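Trainee: This is what each chain is made of:
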Amino acid sequence: MTIKRWSRDEMAAKVARDIPAGSYVNLGIGMPTLVGNHLSAEREVILHSENGLLGMGPPAAPGDEDPDLINASRAPVTLLPGGAYFHHADSFAMIRGGHLDICVLGAFQVSVAGDLANWHTGAADAIPAVGGAMDLAAGANRVLVMMEHLTKAGESKIVERLSYPVTALACVDVIYTDLAVVDVTRHGLAVREIVEGLAFDELVRMTGVALSDRRASA
Amino acid sequence: MTIKRWSRDEMAAKVARDIPAGSYVNLGIGMPTLVGNHLSAEREVILHSENGLLGMGPPAAPGDEDPDLINASRAPVTLLPGGAYFHHADSFAMIRGGHLDICVLGAFQVSVAGDLANWHTGAADAIPAVGGAMDLAAGANRVLVMMEHLTKAGESKIVERLSYPVTALACVDVIYTDLAVVDVTRHGLAVREIVEGLAFDELVRMTGVALSDRRASA
Amino acid sequence: MIPATRRAGPAMIDKTVPTLADAVAGIADGSTVLVGGFATSGVPLALIDALLAQGARELTIVSNHAGNGDTGLAALLAAGRVRRIVCSFPRHKDSWVFDGLYKAGRIELELVPQGTMAERLRAAGAGIGAFYTPTAYGTDLADGKETRVIDGRAHVLEYPLHGDVALVCADRGDRWGNLVYRKAGRNFGPVMATAARRTIAQVREIVPLGALDPEAIVTPGIFVARVVQASDRDDAAATPRAA
Amino acid sequence: MIPATRRAGPAMIDKTVPTLADAVAGIADGSTVLVGGFATSGVPLALIDALLAQGARELTIVSNHAGNGDTGLAALLAAGRVRRIVCSFPRHKDSWVFDGLYKAGRIELELVPQGTMAERLRAAGAGIGAFYTPTAYGTDLADGKETRVIDGRAHVLEYPLHGDVALVCADRGDRWGNLVYRKAGRNFGPVMATAARRTIAQVREIVPLGALDPEAIVTPGIFVARVVQASDRDDAAATPRAA
Chain A
6 MTIKRWSRDE MAAKVARDIP AGSYVNLGIG MPTLVGNHLS AEREVILHSE NGLLGMGPPA
66 APGDEDPDLI NASRAPVTLL PGGAYFHHAD SFAMIRGGHL DICVLGAFQV SVAGDLANWH
126 TGAADAIPAV GGAMDLAAGA NRVLVMMEHL TKAGESKIVE RLSYPVTALA CVDVIYTDLA
186 VVDVTRHGLA VREIVEGLAF DELVRMTGVA LSDRRASA
Chain B
6 MTIKRWSRDE MAAKVARDIP AGSYVNLGIG MPTLVGNHLS AEREVILHSE NGLLGMGPPA
66 APGDEDPDLI NASRAPVTLL PGGAYFHHAD SFAMIRGGHL DICVLGAFQV SVAGDLANWH
126 TGAADAIPAV GGAMDLAAGA NRVLVMMEHL TKAGESKIVE RLSYPVTALA CVDVIYTDLA
186 VVDVTRHGLA VREIVEGLAF DELVRMTGVA LSDRRASA
Chain C
821 MIPATRRAGP AMIDKTVPTL ADAVAGIADG STVLVGGFAT SGVPLALIDA LLAQGARELT
881 IVSNHAGNGD TGLAALLAAG RVRRIVCSFP RHKDSWVFDG LYKAGRIELE LVPQGTMAER
941 LRAAGAGIGA FYTPTAYGTD LADGKETRVI DGRAHVLEYP LHGDVALVCA DRGDRWGNLV
1001 YRKAGRNFGP VMATAARRTI AQVREIVPLG ALDPEAIVTP GIFVARVVQA SDRDDAAATP
1061 RAA
Chain D
821 MIPATRRAGP AMIDKTVPTL ADAVAGIADG STVLVGGFAT SGVPLALIDA LLAQGARELT
881 IVSNHAGNGD TGLAALLAAG RVRRIVCSFP RHKDSWVFDG LYKAGRIELE LVPQGTMAER
941 LRAAGAGIGA FYTPTAYGTD LADGKETRVI DGRAHVLEYP LHGDVALVCA DRGDRWGNLV
1001 YRKAGRNFGP VMATAARRTI AQVREIVPLG ALDPEAIVTP GIFVARVVQA SDRDDAAATP
1061 RAA
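Chains as they are written, first to last, in this note's numbering: chain A, 6 to 223; chain B, 6 to 223; chain C, 821 to 1063; chain D, 821 to 1063.
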């Protein structure tokens, strides 16, 4: 292939671009934390961290880290003026109660129905850990997923049916991969954007599920 | 009769005497509020008011009333050093969660099983109002009831079965009337104290339900 | 004081609105309106007066009381704008407006124990589908409700109480909608703020972003849509009444 | 500083205790112990160390994590004192103690979504018998659980998570047991404090009664049995370890 896949940073920029000013957003552990780097202070977006922060600011400057001021990924962060602290039950009340406009999550797989798998590989000897993934996936108004389009073995992570354990059913709204941006709609998956140099038909072949072409240019 | 019935104030003093130092206590609307007058600052008892106060102090001095600092009976009160404000869901979490040691309630009737009626006369044209009565009766660890022993018509308010609408079942621990102090036990009603000049048998006759005599002097 | 609004850029969040009319704009006929306050404390009087002027009809009101005297909720009831009230303590010596409507069959009442009302509002805000509570088991207020014995104790199944709008009275607020309350004026405000699609707060003072202690914010702005200054009780009373 | 204890008369409430050993005295074998903290924030390290020294065995631990490195919870696990852990996120790059015990079948794990864990603790503290939550519906973590469709949405029935004891880390406390926390160190502390029969708080500073702002108290003293000063992380680390 001659295409240049989007980097994680380019994917994060696309997610950031699609977050309306004024949104309340939770950025999940891993790749989604990169989205924070692409949000500008002039377009206010309020970040929630499930360990009890609203109005989370940028990472703490070296030397200014405070072990009591971390995000859900355990990284030292800051709080913006206007931010607030609260306890875990209140924090997940925000999540489960539908008050978050958007959460951005990593994934192992997303199905055509928007089912999400991101908490467990299902391997028999793996130690399971779920954290807030199921709450976020079930609770946020819009769930945006960031993941590579293909596994290292070249299999599509967008699938007809999940083979990994479910995090939440029918929850994903948009999938951002290194090859495409795909909306999950009631009428199936709709491709909104494709990496330069990749034909729609080729994307369909690589993905292996039905996709419709809804690109602005299409 | 030659007996001198206990006044409301004497009843309140008996209730206060039976509240151990260090207790968390809610005093219901009406007669129970008198109990506060008999608690001394040297024997700390922490008063809860269901509208969001813990560590409630004495009534506000004339001229110092604050419409935002009232108790559940709508009377202007104060907050002691060490007191706290919280919202209604947290306040009733305290009540329902079994964190109150004692609540003191007025009553229309109490049954031998400790069933309580204190929220509604059941009259067809009466406008019903329940407030926090059902929550307090169901939630507090010990429910102390203050009421006159007899209705104006001379009928006992301690009954075999409630004829007024139920507030909560099997919730009352002690009944303080103007004639006696009666414990509600698994083995029935046990009289702990009788007003001077009234014989136990006479109390049983007036009450009309089985009572056992457990007076210290008996 | 420079209004907090002035400081917000075009893509900045600014939930403050200049007038009480702006604050209650768009409340539709038939809405369920959660109204904070307990007796004299924390009642959003200015917003209730503004709702009266605004004109929405066929309202369902969720409030601990059903109005006292002739002002506030009582005035809204007297104007025939309330179809139904969900309430723990409607009756009071000065609840004559409600009493009259109720006895005339002109208002519907759903009586709810105070703690169950608070918890149903909390469930609405917290995304809980339903919950079992011991309160009211065996009473008339649990008639017809599903019950279940859990750990040897009988419980009643209760459902969330959602609002289209919540009107709350706080002490201070900022342009992000963060709120702190004053003493027992807190009461139902914070939990109602979580339970409505659109929460409108009247505050004594709008403060600059960052002025509220993040450790002491009671209602984080995520729960609030609009903030309006209504400086005190006298201002509220001075608002012209439509009825 | 004069210890707050000195000021309390004989019938005054004084929940402060002088030593960490006093704080954890009486925790019985087989207890369910709720342990606050999230990663590095708000972990009651001094109390965990004191529990290790105290000797209680066959414990069930409820905590968001299952221990990191070789200290704190990990040390308690390594000493074979924990039979079972209820947890949302046991696995981490430095959770080797738990990992080893788990793979050897020497510790039982109940994995709970983080929000469901927080809500089950809240239910325990708030006297809720059970609740329906949409979280985890259709997943392995809801296997065998009762479900119900409410308003078109599928929910899972969850039960309260009670503790015999809670160990929480707060910033300041007073002799009535009122607590305030520090930043994201708040996390599970306030909700665990409500869910245990006996809540024990380590605080950075014990302050005189009345020093905490009543508008900003996060855990009212009604939820707290004992308060002990443990001045900072270094002190906690300096506590002799029994294991």
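FYI, nobody ran anything at the bench for these hints, they're computed from the structure.
As the structure is a prediction and not an experimental result, all values here were calculated from the model.
Be a bit skeptical, because a hint or two may be false.
[As the list claims (entries may be wrong)] Straight-line distance between alpha carbons at most 20 Å, and here's what the computed EDC-like set of lysine to aspartate or glutamate pairs gives:
1. C:K923 x B:D130
2. C:K913 x B:D178
3. B:K162 x B:E15
4. D:K965 x C:D971
5. B:K162 x B:D206
6. D:K923 x A:D130
Trainee: Next step is simple, just say for each hint if it's right about the structure.
Mentor: Hints, verified against the model:
no.: 1; hint: C:K923 x B:D130; result: holds (8 Å)
no.: 2; hint: C:K913 x B:D178; result: violated (31 Å)
no.: 3; hint: B:K162 x B:E15; result: holds (19 Å)
no.: 4; hint: D:K965 x C:D971; result: holds (17 Å)
no.: 5; hint: B:K162 x B:D206; result: holds (17 Å)
no.: 6; hint: D:K923 x A:D130; result: holds (8 Å)
In the structure shown, a violation is registered for the earlier hint numbered 2 alone.
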